[in-house]
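The hints should help you fit chains B and C onto chain A, whose structure is shown.
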Amino acid sequence: MSKTAGCCQNCLHYVFDYETTKTLVIPSTLVGCVFRLAQLLILLYTVGYVCVVQKAYQDTDSVISSVTTKVKGFSLTNTSDMGPRLWDVADYVIPPQGDKSFFVTTKMVVTQNQVQSRCPQLPSPSTTCVDDCDCTEGYSNPRGSGIQTGLCENYSTTVRTCEVFSWCPLEIDTMPPKYAMLTAAENFTVLIKNSITYPKFNFHRRNILPHINSSYLNSCEFNRATDPDCPIFRLKHIVSEAGEEFQDMAVMGGIIGIIIDWSCDLDWWAGKCYPKYSFHRLDNKDPDHTVAPGYNFRFAKYYKTPDGEETRTLIKAYGIRFDIIVFGTAGKFGIVPTIVNLGATLAFLSLIPAVSDWFLLTCMKKRDLYRKHKVTYLSDDAHTESMSLATSYGTQ
Amino acid sequence: MSKTAGCCQNCLHYVFDYETTKTLVIPSTLVGCVFRLAQLLILLYTVGYVCVVQKAYQDTDSVISSVTTKVKGFSLTNTSDMGPRLWDVADYVIPPQGDKSFFVTTKMVVTQNQVQSRCPQLPSPSTTCVDDCDCTEGYSNPRGSGIQTGLCENYSTTVRTCEVFSWCPLEIDTMPPKYAMLTAAENFTVLIKNSITYPKFNFHRRNILPHINSSYLNSCEFNRATDPDCPIFRLKHIVSEAGEEFQDMAVMGGIIGIIIDWSCDLDWWAGKCYPKYSFHRLDNKDPDHTVAPGYNFRFAKYYKTPDGEETRTLIKAYGIRFDIIVFGTAGKFGIVPTIVNLGATLAFLSLIPAVSDWFLLTCMKKRDLYRKHKVTYLSDDAHTESMSLATSYGTQ
Amino acid sequence: MSKTAGCCQNCLHYVFDYETTKTLVIPSTLVGCVFRLAQLLILLYTVGYVCVVQKAYQDTDSVISSVTTKVKGFSLTNTSDMGPRLWDVADYVIPPQGDKSFFVTTKMVVTQNQVQSRCPQLPSPSTTCVDDCDCTEGYSNPRGSGIQTGLCENYSTTVRTCEVFSWCPLEIDTMPPKYAMLTAAENFTVLIKNSITYPKFNFHRRNILPHINSSYLNSCEFNRATDPDCPIFRLKHIVSEAGEEFQDMAVMGGIIGIIIDWSCDLDWWAGKCYPKYSFHRLDNKDPDHTVAPGYNFRFAKYYKTPDGEETRTLIKAYGIRFDIIVFGTAGKFGIVPTIVNLGATLAFLSLIPAVSDWFLLTCMKKRDLYRKHKVTYLSDDAHTESMSLATSYGTQ
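Residue numbers (our numbering), protein chains in the order written: chain A, 1 to 396; chain B, 397 to 792; chain C, 793 to 1188.
A portion of the hints provided could be inaccurate.
Derived DMTMM-like pairs: lysine to aspartate or glutamate, alpha-carbon spacing no greater than 20 Å straight-line [stated by the list, open to error]:
hint, chain 1, residue 1, chain 2, residue 2
1, B, K672, B, E705
2, B, K466, B, E617
3, C, K1093, B, E705
4, B, K596, C, D1057
5, C, K892, B, D495
6, A, K332, A, D265
7, C, K862, A, E171
8, A, K70, B, D569
9, C, K1064, C, D1021
10, A, K301, B, D657
11, B, K466, C, D1021
12, A, K372, C, E811
13, B, K728, B, D623
14, C, K992, A, D261
15, B, K596, C, E963
16, B, K418, A, D173
17, C, K847, B, D569
18, B, K418, A, E19
19, B, K761, A, E19
20, B, K697, B, D455
21, C, K1164, B, E617
22, C, K862, A, D173
23, B, K697, C, E1101
24, C, K1096, B, D703
25, C, K992, A, D265
26, A, K100, B, D495
27, A, K22, C, D1160
28, C, K1077, C, D1040
29, B, K451, B, D657
Okay, the calculated bits of chain A under chain B, using three or more residues with CB under 8 Å as the criterion [to be verified]:
hint, region
30, 60-74
31, 86-93
32, 214-224
In case anyone wonders, no lab produced these hints; they're calculated from the structure. The C-beta atom is built at its ideal place from N, Cα and C for all residues, glycine as well.
With the rest of the complex left out, here is chain A (with noise of 0.2 Å):
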């Protein structure tokens, strides 16, 4: 047999003939069993928790959606500044056009008739001053008031402060009232209309669904026993699961989270796909760890008196903002996902051959027979012999 023959043949054998690896089969039950056992964990795992509880094998998408809220209900107040008032939808909610974050005004702090002019500062121990040289003219405290115009004027027959350039009269937000105005606020309801999307499984939905018909929506309440898919909620309820009081969140104000989780599995009838919420407060109650607790901002409503001057009323709004956050990831059985998972399971039950041989090998009694058959040394001194062997097989 020539070599440049053999070399050929081997050419052709590299394409055509398959080459597998000769084994030996070793009755020993103790080793049989630990890699079955081995294999059998690895197909477990595989099997139950990277498909059935990971559901690994599924393509994902984060939704994308779209929120339009809708409050409804009247609060009556009767202060003594302001006499009986009615307040509605139009009057208490900022901003009116149903955004997926609304504010629900429960207190208020009113100066009316602000206009541009002078006034002594409310007293503070910053503001107080003796005479004229106590107050400096064009300086402006961030927290403060306005602008210092250098004079000090009489606050009242005891005491004196500085005098600013502002609205005037200046908001006395020093002694806020100790409740709620808005007490009816918490029997107020609010639709919340939510559809999302999922891109890339060209997959639409929306909260209100498909089996709730008009009638129920127009007098149902959610409750999360009896009437899980209803889209309306009363606020108390809300604020309730979320683990407050409302009457006491009412007073300083606060953020409440509606979260909406649109978490889906695809696979199966789209039904399985359903919105869940949940409420959590999402501003910090503790005062030592905070600064401007609660939730206030100001606004103002600007008037013009008959001779063209313009004047404002400042409001302070205490009340409860409501953030809708929707979140969610859609899984739907993806190829290259399935073939990943798959795939690395497989190359651990390779893994398994390599370390049931180190266990044959080293543990076991009979090791040495198992070596002496399993494993061929080639030293560099058995190429004559060898050769001589290999000829026994005939074919080379």
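Then chains B and C, alone, in the frame of chain A:
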């Protein structure tokens, strides 16, 4: 050869020597072809599907974006109660600041000169009464108009209803006009500026692409065929691409999603990253499975009469809300996903010999011959015999 | 030995016995070292790059967040038409409620006492006329000022323009002031409260970190070097970190992104999860490739004259919009990504023997010797010979 020396030699071998499997080459073209074909299929899948189609070798990142909008246009209305009136952007766009969600008013129910006072409710089965006993003082129907005073008053010469304390006169929204008021709204245009970032790749881009200059922007209008890069959209065009008729939708209002898809492949020249616009109606048209169909909200403009009394004009605004929804995923070659995907495919390659062997040893005609050469069975009583045989290899 | 018994024994073997590959140990230090080195490299890559650098063993989740902002500061302006005027938060922040996007006015074009009436348009090439024939009744230029009445009127003693029905007097915005009005705006401060959640890991956090107390918050100001945890930002500092000059930007307006990066590694103590602030200009400064550079919008304040006529003050507000963009990904050890990444690496380990074998059988000097010991060629006529040889193993 002593046992100790063999063990020691084994240790050295374990580190320095190369252990390879003994293989058997079987000249079966059938098995060989099946084997090569399987390898080829897996390689093709990896290259073709995983790499080219799914781009699984890419690291991905989600878009973060900022949107500005600016609407332009005028509309003239001529109603019996308001006379001729021109509407400009400051009148009909809410909120005015051009956020990623803007509302264009198309119809209004305006109730002017409301003051806090008492007036009989609008007639309905739940509000009509015969005498004061039918009206409960302090009762407030959330879907009603105010707080009942307990009196039964004449609404008209024929109907008596319970009086309420509220903003009077009450809004009459039972007869909203059946046609849109701002019919010219369909010709309004909106300029959308959108800048996006993929933070992981430190990639920034705007929807006004680098090759677009100011003079083009001053005259262009988006058209999928002729001007796909123009960021100025005619409202009628948006609504019609969403499959709706503007004038129909304008009557009851609705929500249109302007969806900007920034899916990008950042591997090649960055110009590959373009915004793709699409338009969808987001609210539910079907009146049977929804409540409060369309889109409207109430807001008020507050005035003061010369004698200081507060009055308001209540506006129930119907219109179309445009939500600009930006989403997208950018992919860029990443070493980790490449390794993971290649590795997982390689694991499948390592599965092929197992399958081929099974085929070889069960389905082939010469399976006994193959088995005899491939598999060596070690029996418990083979100890001495195999020992004697082993010596013929000369090296142990 | 009968065929049936062999088959039966085979079945039992298949379940209970352990089948291992026969191996050949080759005392070639070169191949051995190459082999070990390749294994080492792959292990190093796995441990070093995948695990330490990329943290590919982690499950990830995207942040959901809620933001509140509160601006503080005053500015005094003194213009010829309005006289001295103090601006406070209620005047210059739009919208007032402190959302994740807020606008600080820096310049205004105010058009007071507009009423619905007729007035000649501002002169421009498209509005000037000689007589009524040049003006089309009912025509409305979207970039114009109103609906043309068809008359040509004297705008001034020298120029005649087409008359429009609109809110008159018309806004004159061709000559906006070239300087910012609210120059003190650069010293306004903004408090940003941000609470985030990683829903998959049930992890909640606020940007006001637990170790920060109220007294620090009342006096601190964000500075990357000295106060990196303070959530109070000076507007000038924000703009200068974004690489812009506040007073330049204030003239035409613009958009600044306040980017809060909540990338978290939740494997260790949760304190590892801090917000990182960065600031970028989001709109396009370059006037050549944009339209309507800067940022401005129009809104109106509505008034009623004593005789009930509606007037409005139109305000074109220039200013800086601050968009707070929260993003982030949290990672936490997850069994599935760990398995997948380890598995994929193991698959590469299983590739090494194939490469080493190829190297052994083609590049080594003794390749023929190695091949003879490693590979057995089974030829079709080897049947009888191999049968006779096989008996010498004794067990078949």
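Structure-inconsistent hints, enumerated in ascending order: 1, 10, 11, 13, 15, 16, 17, 20, 21
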